[in-house]
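Participant: If you want the building blocks of each chain, they are given just below.
4 protein chains.
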Amino acid sequence: MKRTFLCMLAVGVLLQAAAQVRGKIDIPNLPGYVTLKCDFHIHTVFSDGNVWPAVRIAEAYREGLDAVSITDHIEYRPHAGDIKASHNRSFELAEPVAKAAGILLIKGSEITRAMPPGHHNALFLTDSDELDQPDYMDAFRAAQKQDAFIFWNHPGWDAQQPDTTLWFPEHTRLLEQGMMMGIEVVNGEEYFPEAHQWCLDKKLTMLGNSDVHDPIQAQYNFDKGAHRTMTLVFARDVSTQGVKEALRERRTAVYCGERLIGEERYLKALFEQALDIKIVKVNNASVRVTFTNNSDFVFHLKKTAHDTRLVYFREYTIQPKGEQTVTVRLQEGIQGGDMNFSIENLLVQPNRGMDYTIKI
Amino acid sequence: MKRTFLCMLAVGVLLQAAAQVRGKIDIPNLPGYVTLKCDFHIHTVFSDGNVWPAVRIAEAYREGLDAVSITDHIEYRPHAGDIKASHNRSFELAEPVAKAAGILLIKGSEITRAMPPGHHNALFLTDSDELDQPDYMDAFRAAQKQDAFIFWNHPGWDAQQPDTTLWFPEHTRLLEQGMMMGIEVVNGEEYFPEAHQWCLDKKLTMLGNSDVHDPIQAQYNFDKGAHRTMTLVFARDVSTQGVKEALRERRTAVYCGERLIGEERYLKALFEQALDIKIVKVNNASVRVTFTNNSDFVFHLKKTAHDTRLVYFREYTIQPKGEQTVTVRLQEGIQGGDMNFSIENLLVQPNRGMDYTIKI
Amino acid sequence: MKRTFLCMLAVGVLLQAAAQVRGKIDIPNLPGYVTLKCDFHIHTVFSDGNVWPAVRIAEAYREGLDAVSITDHIEYRPHAGDIKASHNRSFELAEPVAKAAGILLIKGSEITRAMPPGHHNALFLTDSDELDQPDYMDAFRAAQKQDAFIFWNHPGWDAQQPDTTLWFPEHTRLLEQGMMMGIEVVNGEEYFPEAHQWCLDKKLTMLGNSDVHDPIQAQYNFDKGAHRTMTLVFARDVSTQGVKEALRERRTAVYCGERLIGEERYLKALFEQALDIKIVKVNNASVRVTFTNNSDFVFHLKKTAHDTRLVYFREYTIQPKGEQTVTVRLQEGIQGGDMNFSIENLLVQPNRGMDYTIKI
Amino acid sequence: MKRTFLCMLAVGVLLQAAAQVRGKIDIPNLPGYVTLKCDFHIHTVFSDGNVWPAVRIAEAYREGLDAVSITDHIEYRPHAGDIKASHNRSFELAEPVAKAAGILLIKGSEITRAMPPGHHNALFLTDSDELDQPDYMDAFRAAQKQDAFIFWNHPGWDAQQPDTTLWFPEHTRLLEQGMMMGIEVVNGEEYFPEAHQWCLDKKLTMLGNSDVHDPIQAQYNFDKGAHRTMTLVFARDVSTQGVKEALRERRTAVYCGERLIGEERYLKALFEQALDIKIVKVNNASVRVTFTNNSDFVFHLKKTAHDTRLVYFREYTIQPKGEQTVTVRLQEGIQGGDMNFSIENLLVQPNRGMDYTIKI
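Protein chains in written order, with numbering that gives the first Met the number 0: chain L, 0 to 359; chain P, 0 to 359; chain V, 0 to 359; chain F, 0 to 359.
With the rest of the complex left out, here is chain L (with noise of 0.2 Å):
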């Protein structure tokens, strides 16, 4: 009885249910750029998700996201013997309602094929029905055609790549041709550390998207603090140019549980714009670092190589949203130095965790 029989509108569903206020994920901008929560892989009943496109604008709204993309796959669609539509569907449904939300709405397609070359989303398209083509190669040319950002998904799904993430000859004709910009590094709950040396070795786009295909609370428990897998996106104003522009510059991270998967330069600067470190000595032997977290960032902090008269801890957890303060000793009369950490949850390399030190 959340429904009023005769006056519904499809922006209806953002307002009326009680839990439906606009979440916030407290992310910093960086120096020049807005930083867009972004979530560019996300399905609805037009191919094989579960749920009304609305819904997927209503989800985002809650969970203060900026931009998503409806990546409905091209060549499979289970339920089309009861949903008969054009492949622009799904997007011209959520529209008005991401409009009334305050959410960018990018359009977008998934082209959905075996491996290789797997699937591949295409984004900032302008006729989805283009794509739905025999060959996969004309579909990808239809994309760029349309001007599109096109980025290979999961491509170490199990379901296609059981045992080994592999990189096959058709990727690097698509690449070569202009035609796969970028790679999701992680897929759901799924980090691909090759997709991620990848990307650094051939200058791609990371990405990390949810592919949410049920609501997507049955993939994530909000209410004990997840959030799901996003692309960040450092553009120069809150807007779909802004957003393309972005992709294609590569200007991106991954934000996926409590780890940041990016260029080293974007970790630096989120770390650096998230955290106010102040340091203040207390006398000869001692000085204190206080760390004023203002974002939702956690950070896990491990010691690495350094002058050991600097005594500090082995590990240390920044936590979101706080003031925390360590003390560090000088031993044998030195006055300073330097303290060396690597940020073990932003990983830089696959794996690897990102090297910093304060002056102390």
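Heads up, some of the hints might be wrong.
[Stated by the list, open to error] Under the rule of at most 27 Å between Cα atoms (straight-line distance), these lysine-lysine pairs were calculated in the DSSO-like manner:
id, chain 1, residue 1, chain 2, residue 2
1, F, K23, L, K223
2, V, K280, L, K98
3, F, K277, P, K23
4, L, K358, L, K302
5, F, K223, P, K320
6, V, K280, V, K320
7, V, K223, P, K223
8, L, K277, V, K23
9, F, K223, L, K223
10, V, K23, P, K223
11, V, K301, P, K223
12, L, K144, L, K83
13, F, K23, P, K223
14, V, K83, F, K83
15, V, K144, V, K243
[To be verified] Derived, one-sided and incomplete: chain P residues facing chain F with beta-carbon distance under 10 Å:
id, residue
16, V20
17, R21
18, D222
19, Q318
20, P319
21, K320
22, G321
23, E322
24, Q323
Just so you know, the hints here were simulated from the structure itself, not pulled from any lab data. Where is the CB? At the ideal position from N, CA and C, for every residue including glycine.
Please arrange chains P, V and F on chain L, whose structure you already have, making use of the hints.
Facilitator: Only chains P, V and F this time, still in chain L's reference frame:
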């Protein structure tokens, strides 16, 4: 990436996602009857709901329900531009999933009319399409011909009854012609005390249902211990026939938040089956009463008129699944007496708790 | 291993543990006043509580309280066999921790007597030891001499008032001699409607406190969104003097679960400061009323007598921290009218909600 | 107001508060042994903890532990200015509460020295005061004379071992003289892989304890499903003697977060007792493997070297308390084979998961 591309069984939705563990709500059986947790008012994309039918079974499974009925509107189908289907279709799609999950799925539909007579659900249908009739009485007759159990939904819904909950002559007619056997005393979180009284006076079955349209988690916060509003059915066995017989014989109670609503004989039986009460005389001046609550129910007790030489709590809460002890003092040499209280959240009459006495 | 062996500062308890982030409860200030969240009834191991005083400050910090008073019993000290200390000791131990944490700590004690007069808290003491007197009137006089604010605790506690909440001649005497300025209208989760009425009639300050003995988490489930029962104090500034003046001038309200209890002028002001109400005429037949709730309060609205041509909800809940829109229909050509309702959980009289009107 | 003024039994703390329901952690017994959940490292106000001893029993009860030891520091008592007591006192105060709650309470103390030898716990003491000795070896000898079980606490605590976890000659001496029988492989959330290796090499008992000082909820978020770090003891019966014998015979495993740490024979037995594995051949090309997990453990599986014609997941998580099915494909006409994987969170060697094979 939670889907296998080629071999997706409808049943898969229950088994693949990590969180899909069968839930459990501890509610006692009654002597001679098994207590079934049921929701007889549910929508999908086949009317104005926002999820695919299989999701409703996954939800019921996760929450530990025993039986559900998907009751899409006959007359209100806002997604009809995209989905062309028989009124039987949501049942057909959900049926194999329900079977695999061990959930009783009862075929139903919602006859959706202006007030009077408002909305009514018909359960145990054989062909929902027969209910698609211009005249509402023809729709009711078609349901009756299929030997349906028919009940009035949300009688006090403010969109149809803005100021008062009224019984119209049309309802008398339905009742007299055997086409209204029950009423939703609770719909979603809304309780209708007038309907509660009508059920008592006119010997109608009391029901409480979720009327869920969106993913159920948007309506209930299960992580905070919430459960959906449900009808408890005291059936001879776990079968569609068992449910039908129980509904016809008014063997139900409504479970909504912390409240139980129903006839005294059933609420009393639930209370007594849920609780072990042990009385131990400590000495001449005090007695210890230990409550062992084996159920998920909470009970809010409030002292009523009593011999004031028997001294005990004024208000007391028995928590779910635990053991709690109360000390009763005997003053002025009395040897015992009646410990009288009302169980405030067991409503045996509109907004009135159930009286109970423990002999000390 | 959360302790450094040699250099533990009392203050450390707040800074070292991971979860020790300052909480935040969003409650609006009132024009001319800052709203302070206070708990004036707290125990430690120095009477019959079970935690060290510093824990009480850490709890207050984590929960976002502004001011607390540790009010250990003068006459009841079950741990006295192990702990020998002045009645000032728990304050002394907590004071530096409170200072470091930015919590106002008000020195207090509980005068703990059989009924009448029962238990009373004295706040703003300078020397608690002076209250340790054989005759209760001497204890009250000692508090008065220190210019204390004295209030009656849990007037309807069933251990002292088993069946009814009575006002004794002793209370009249305390009141007349200026030794009772307020009453706990709520203690823990228990609300005393009789005390609510006495406060209104006798112009006494209304208080609500936790009376916590165990670790606070054993009493409140913060993860489910609970908050401890607290006194909201409308002070001119954030200072002990500001709290004292406000208490003496009855500028308080009680916040317990979802309920606010207090004088209408304060509850009305809280409601209006918490909420932005925007009215937009859609057309001749309907008006949209948008509530933006900037607070953590929930408001339960229930329609009261009104022009029935103005059609709106029967019951409606405004959730915390969000924006919700209600549609009001204008029938039979009316241009507007009074939207009347009671806010059921804002108690301006015993068990009675606050009436409110929005002009359409 | 949760206390009765006159008749407070120590035992009361467990029975009176609403939330004091005995918790339950589902961990299987092993053939011939009952699995006891134990925490052997706990502090109270009688050393540098912040709660009264009874609170520790209430916590253990609520969390479903079987046995605890309160191990207040002998040499570090920062509250000694207020609390003068024998080192036996916290045990004496907790003992009747433990008895009433059905928790095994083992008398213990922490010998608290600079490194080397660092901190050590002695369990099964008869008189803790005997351990109060100027020379640490005298303290160890006093414990040994009482037939204590002695183990090294947090060997890699950065306050004592700032950069590396070292084994000192003093430890060899303690070991050789039979005064070190075990080591904390985990203390709080911190895992010491070096200690893990020492236990394997030197045949020492592995322990994991909370070392809790504050109320336990400040350290663990139980509402998010956390459990305290604990030692699983495989005892012949539920008795102090049973625990002692098991500790001496190294029948333990450590349970910390999602990880189990221990000897392979015990982790393998836990895995096999926790899980029912059912293998059903669907047809010549596929086999269904159903895992029924009856425990609260989660298991993270990762494929290892195998015949690649047997196609299955790369990574897979078996959730607690549920049933999950995996499809294994048989390619190129094979009839079966070995499904090999490592259980990543079952550490049988430092930071190394346990290999396992299911025959298909």
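Participant: Going back to the hint list, which numbers does this structure go against?
Facilitator: Checked against the structure, no hint fails, so every one of them is satisfied.
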